[in-house]
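Colleague: Here are the chains, one letter per residue:
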Amino acid sequence: MMNEQESRSNEYLRPPLWHGKIAFGKVALRLTLQKREASQKSVKRFRQASLFELDEPFEQKSAVIRCRLLVLGLYLSFLACLTGLWLTANVSAGLEHKLPFRIVNFIATQPVVVLLVPLLILLGCYFLLRLMTYEIIAWPERFLDERQQIVRDRAHRNAYKIVKVACLLVPLYLCLHAALWTAQTPVPVATHAYTLVRSSKFSIDVAQITPLQGVQAIHINPALPPTGEQRIILYEVVSQPIIESFNANGVPISAIYSWHTIAPHSYEQAPTVMAPSWPNDPTSLLLYYGTLLLSLLLMAIALPMSIVAWKERL
Amino acid sequence: MAELTIYNRLAVLRAERGMSRLNLANALGINYQTVGYLERGEYNPSLELAFRISEFFGLPIEVIFSTKPFKPLSEEVYTRKQAEEHV
Numbered sequence: 007m008m009n010e011q012e013s014r015s016n017e018y019l020r021p022p023l024w025h026g027k028i029a030f031g032k033v034a035l036r037l038t039l040q041k042r043e044a045s046q047k048s049v050k051r052f053r054q055a056s057l058f059e060l061d062e063p064f065e066q067k068s069a070v071i072r073c074r075l076l077v078l079g080l081y082l083s084f085l086a087c088l089t090g091l092w093l094t095a096n097v098s099a100g101l102e103h104k105l106p107f108r109i110v111n112f113i114a115t116q117p118v119v120v121l122l123v124p125l126l127i128l129l130g131c132y133f134l135l136r137l138m139t140y141e142i143i144a145w146p147e148r149f150l151d152e153r154q155q156i157v158r159d160r161a162h163r164n165a166y167k168i169v170k171v172a173c174l175l176v177p178l179y180l181c182l183h184a185a186l187w188t189a190q191t192p193v194p195v196a197t198h199a200y201t202l203v204r205s206s207k208f209s210i211d212v213a214q215i216t217p218l219q220g221v222q223a224i225h226i227n228p229a230l231p232p233t234g235e236q237r238i239i240l241y242e243v244v245s246q247p248i249i250e251s252f253n254a255n256g257v258p259i260s261a262i263y264s265w266h267t268i269a270p271h272s273y274e275q276a277p278t279v280m281a282p283s284w285p286n287d288p289t290s291l292l293l294y295y296g297t298l299l300l301s302l303l304l305m306a307i308a309l310p311m312s313i314v315a316w317k318e319r320l
Numbered sequence: 477m478a479e480l481t482i483y484n485r486l487a488v489l490r491a492e493r494g495m496s497r498l499n500l501a502n503a504l505g506i507n508y509q510t511v512g513y514l515e516r517g518e519y520n521p522s523l524e525l526a527f528r529i530s531e532f533f534g535l536p537i538e539v540i541f542s543t544k545p546f547k548p549l550s551e552e553v554y555t556r557k558q559a560e561e562h563v
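Going down the list, the protein sequences come from chains D and A. Taken in order, the first sequence gives residues 7 to 320; the numbers are from this note's numbering. Taken in order, the second sequence gives residues 477 to 563; the numbers are from this note's numbering.
Any given hint could be a false lead.
The following label-pair restraints were derived from C-beta to C-beta distances [said to hold, decoys possible]:
no.: 1; chain 1: D; residue 1: K41; chain 2: A; residue 2: G517; range: 33 to 43 Å
no.: 2; chain 1: A; residue 1: L523; chain 2: D; residue 2: A95; range: 52 to 62 Å
no.: 3; chain 1: D; residue 1: Q155; chain 2: A; residue 2: I482; range: 15 to 25 Å
no.: 4; chain 1: A; residue 1: E524; chain 2: D; residue 2: K170; range: 56 to 66 Å
no.: 5; chain 1: A; residue 1: L480; chain 2: D; residue 2: A185; range: 49 to 59 Å
no.: 6; chain 1: A; residue 1: G505; chain 2: D; residue 2: E43; range: 31 to 41 Å
no.: 7; chain 1: A; residue 1: G517; chain 2: D; residue 2: P288; range: 18 to 28 Å
Cut-off 30 Å, straight-line C-alpha distance, at most; resulting in silico cross-link-like pairs (DSSO-like, lysine-lysine) [stated by the list, open to error]:
no.: 8; chain 1: D; residue 1: K317; chain 2: D; residue 2: K170
no.: 9; chain 1: D; residue 1: K104; chain 2: D; residue 2: K317
no.: 10; chain 1: D; residue 1: K167; chain 2: D; residue 2: K317
no.: 11; chain 1: A; residue 1: K557; chain 2: A; residue 2: K544
no.: 12; chain 1: A; residue 1: K557; chain 2: D; residue 2: K317
no.: 13; chain 1: A; residue 1: K557; chain 2: A; residue 2: K547
no.: 14; chain 1: D; residue 1: K67; chain 2: D; residue 2: K167
no.: 15; chain 1: A; residue 1: K544; chain 2: D; residue 2: K67
no.: 16; chain 1: A; residue 1: K547; chain 2: D; residue 2: K67
If you only want the chain A side, here are some residues facing chain D, beta carbon under 7 Å, derived [what the hints assert, rightly or not]:
no.: 17; residue: N507
no.: 18; residue: T510
no.: 19; residue: S522
no.: 20; residue: F541
FYI, nobody ran anything at the bench for these hints, they're computed from the structure. For each residue, glycine too, the CB sits at the ideal point set by N, CA and C.
All chains should be built: construct the whole structure from the sequences, respecting the hints.
Modeller: Now the structure itself:
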């Protein structure tokens, strides 16, 4: 035993091949021996720790906190994705009343950023969560022991329950929302309007709002770009047309309505800011619905993982 | 029906044999985290796993698992010794 140890220690006492570097060799030897002692100590400490698990509670606590933060990040980024989708879809539908103009302007001009940033964060959280739970969720069943199988089955069962409830609640919410929203909105009498309102301040194609269903924001006609700054005022049709003009074929060519402003709210709009044709072009459609589908798919896949990460110690 | 708590002596037996959780898990064919769950009493093993554990340690199942909390081994041995001496 001693001979073995001596021969091992003698390995370090061999003179270096290049005699000019003996001094350097000694320093290197000392450093190597210190390093070896340190590594032996750490191995011993690790063995002791793994045997008695003295520091287990601290490790467990930090691991649980890490996992839960990741799950929270996943759900928050999913909410951010949905919010981004909602904002980009409603940017030209009266959103300016609820949010500051700069934010609306940013959403209108940079919809890709609004959609992709939360989606990328969601993807990052998803892959981290997958990395943490792959031993239970991703491995084939033959590699799992009985506890892991139970944990996985329970997570899938709970996820199924959540998806089932969501599938019931979402259509219910949509129906209720539509019903309540329609009930609260006063239905105007007017049924059609054919006219084009032009002025130095604004251009509004009223034909866009036929048939009228409740209070509607009148959109700016992009075909008639105004010059300079413009003041946009929202109107509501309150009665039948007072005067209508028809051509020889009986087609109405103009009409005068009694209008009044919906709210005394108006704002200055820079000529460069126009509501985008979102989501009308194929790229925008692909981006919009691609983001929606991908975020929903990721959430459905990540649901069992998030349950495992939230409840179990990984 | 409330889940029955099953106490075990896995941690003591493993420490007596100088084994790490990983070694024991490899010997039993389970994940090392499962050993931790068993030792903490957070997971009750199946009958099959309980038999495997008792076979591995070479002890009867009732020595390793119990529905009542175990006394410390030293205390148990000492009281048994005293009882034997008394007899």
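Colleague: Going through the earlier hints one by one, which of them does the structure break, listed in rising order?
Modeller: Numbers 4, 7, 9, 12, 20 - these are the hints that the structure violates, sorted from lowest upward.
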